[in-house]
Amino acid sequence: MIELILAGALAFVLAVIVVVQNQQLSILRRQHHTDTSNTGPKVTQPTATELEAKLKAAYEAKITESVTTFGSDLQATSRRLSEQVSRLTTTVIEEELEAYQKTLEQVRKSATEAMGQIHQAVEHQRVELRQGMEAELAAEKKALADKFDTKLGDIVSSYISESLGSGVDLGAQMQFILTSLEAHKADIRKDLLDGV
Amino acid sequence: MAFELPPAVYSPQLVESVIYDVQYYLDWVRQNQIRAKVGAKPKAEPNHSDETVLVIEAWLAGKPPTLESIEALLEHLRQLKLPEVHITLAALPNRAQRETLVSWFRNNASPQLLVSFVADRNLGGGIVVRTPNHVYDYTWKQELVAGRDKLAGIIKRV
Chain E
0 MIELILAGAL AFVLAVIVVV QNQQLSILRR QHHTDTSNTG PKVTQPTATE
50 LEAKLKAAYE AKITESVTTF GSDLQATSRR LSEQVSRLTT TVIEEELEAY
100 QKTLEQVRKS ATEAMGQIHQ AVEHQRVELR QGMEAELAAE KKALADKFDT
150 KLGDIVSSYI SESLGSGVDL GAQMQFILTS LEAHKADIRK DLLDGV
Chain V
0 MAFELPPAVY SPQLVESVIY DVQYYLDWVR QNQIRAKVGA KPKAEPNHSD
50 ETVLVIEAWL AGKPPTLESI EALLEHLRQL KLPEVHITLA ALPNRAQRET
100 LVSWFRNNAS PQLLVSFVAD RNLGGGIVVR TPNHVYDYTW KQELVAGRDK
150 LAGIIKRV
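Taken in order, these protein sequences are the chains called E and V.
The opening residue of the first sequence carries number 0 in numbering that gives the first Met the number 0; numbering runs sequentially from there.
The opening residue of the second sequence carries number 0 in numbering that gives the first Met the number 0; numbering runs sequentially from there.
The following block holds chain E by itself, in its conformation from the complex (with noise of 0.2 Å):
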């Protein structure tokens, strides 16, 4: 893009350079047409047309070399801003990439973090979660192991009492009842003479 803007300018320029060097001649020959036909000296047509012919190789070999030497500083110029292009872009590149390197990098460091982060707390809250709950169970086992226990005999004695029904006997028990009173008498005996 660059390139082609650098050569239309510079055939603007060519242009401009022989449009001027075609006003000059015009007024040139007018001058010397003034001057030859007031007051100079005459040149006979051969010698004015040799001359002209060697003014106007002289010119164009003027103009070829101009043109030569603009050609080349043009392309050096052209390659110089090239260049500079080239390396500024690659430079502007190198830097956006390596931008968006850093970022990309720091983007997933963070990621990395935050997911570290989240599976620590996901851990933790997995680890809290087993513990609360092999604690309730345990809890809760235990307080039906309890509630059995102390239930047990209330239960048990219970279902003797309602299989029994009315039909309690006192005198099958009495030997057991008198047995149970012999073998803590002294403790009764103490107990209720300290009563009195």
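Just to be clear, a hint being listed does not mean it is correct.
When the alpha-carbon atoms are kept at most 20 Å apart in a straight line, the in silico SDA-like pairs for lysine to any residue are as follows [as the list claims (entries may be wrong)]:
id	chain 1	residue 1	chain 2	residue 2
1	E	K146	V	E142
2	V	K62	V	F2
3	E	K41	E	R28
4	E	K189	V	K80
5	E	K189	V	P110
6	V	K80	V	E15
7	E	K146	V	A145
8	E	K41	E	A52
9	E	K146	V	N121
10	E	K55	E	S25
11	E	K141	V	P110
Far from chain E by the CB rule (all over 12 Å, computed), these chain V residues [to be verified]:
id	residue
12	E3
13	S10
14	D20
15	D26
16	A39
17	K40
18	K42
19	S48
20	E50
21	L59
22	P63
23	I69
24	L76
25	V128
Calculated directly from the structure, the hints in this document are not laboratory data.
Glycine included, C-beta positions come from ideal geometry on N, C-alpha and C.
Chain V: place on chain E using the hints.
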């Protein structure tokens, strides 16, 4: 000789009943004395429980009854402070069972002892003895509760 309650009067309720009867009898005697003075017709002698009769006989020890002696008996009964024991059984004992238990306590703990009986069929069997300072539980229920580890072991084995 020190007065002793007859074995038939074994509970605080019976002692209260005897006190009531004696008081009623004294009131009857006093009223009849007043009636005799004013020439009114005497009231019929009130009925006494067997226990009251036994207590009065034991108190008089063969002597003829006087108003003073009966008043002294009433005063004695009111001031009587005897050790009490409360017994809970799976059912209320019959007369023979009651006498067996009362005689055991009187022979082994204290001769002058009052015993009250309560029934609780939830005990299943055995006896609960409540003294002033302690409760002795020799019931089947207590035995089962004390042996719950055995029962739990049996249940686990089954």
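Each hint, compared with the structure:
1. E:K146 x V:E142: With a Cα-Cα distance of about 18 Å, the restraint between K146 (chain E) and E142 (chain V) holds, given a limit of 20 Å.
2. V:K62 x V:F2: 14 Å, holds
3. E:K41 x E:R28: 14 Å, holds
4. E:K189 x V:K80: Status holds; Cα separation ~17 Å.
5. E:K189 x V:P110: Distance ~14 Å between K189 (chain E) and P110 (chain V) Cα, so the pair holds.
6. V:K80 x V:E15: 12 Å, holds
7. E:K146 x V:A145: Between K146 (chain E) and A145 (chain V) the Cα gap is close to 15 Å, so the pair holds against 20 Å.
8. E:K41 x E:A52: This hinted pair holds, its Cα atoms lying about 18 Å apart.
9. E:K146 x V:N121: 19 Å, holds
10. E:K55 x E:S25: 12 Å, holds
11. E:K141 x V:P110: Violated - the C-alpha atoms of P110 (chain V) and K141 (chain E) are around 50 Å apart, more than 20 Å.
12. E3: 15 Å, holds
13. S10: Its Cβ never comes within 12 Å of chain E, the nearest being 15 Å, so this holds.
14. D20: At roughly 26 Å from the nearest Cβ of chain E, D20 (chain V) sits farther out than 12 Å, so the non-interface label holds.
15. D26: Since the minimum Cβ distance to chain E is about 32 Å, D26 (chain V) lies beyond 12 Å and the statement holds.
16. A39: 47 Å, holds
17. K40: 48 Å, holds
18. K42: 40 Å, holds
19. S48: Since the minimum Cβ distance to chain E is about 25 Å, S48 (chain V) lies beyond 12 Å and the statement holds.
20. E50: 22 Å, holds
21. L59: 27 Å, holds
22. P63: At about 34 Å from chain E, P63 (chain V) clears the 12 Å cut-off, so the statement holds.
23. I69: 27 Å, holds
24. L76: Nearest chain E Cβ is 17 Å from L76 (chain V), so the label holds.
25. V128: About 6 Å separates V128 (chain V) from the closest Cβ of chain E, which leaves it inside 12 Å; violated.
Violated hints for the displayed structure, listed by number in ascending order: 11, 25.
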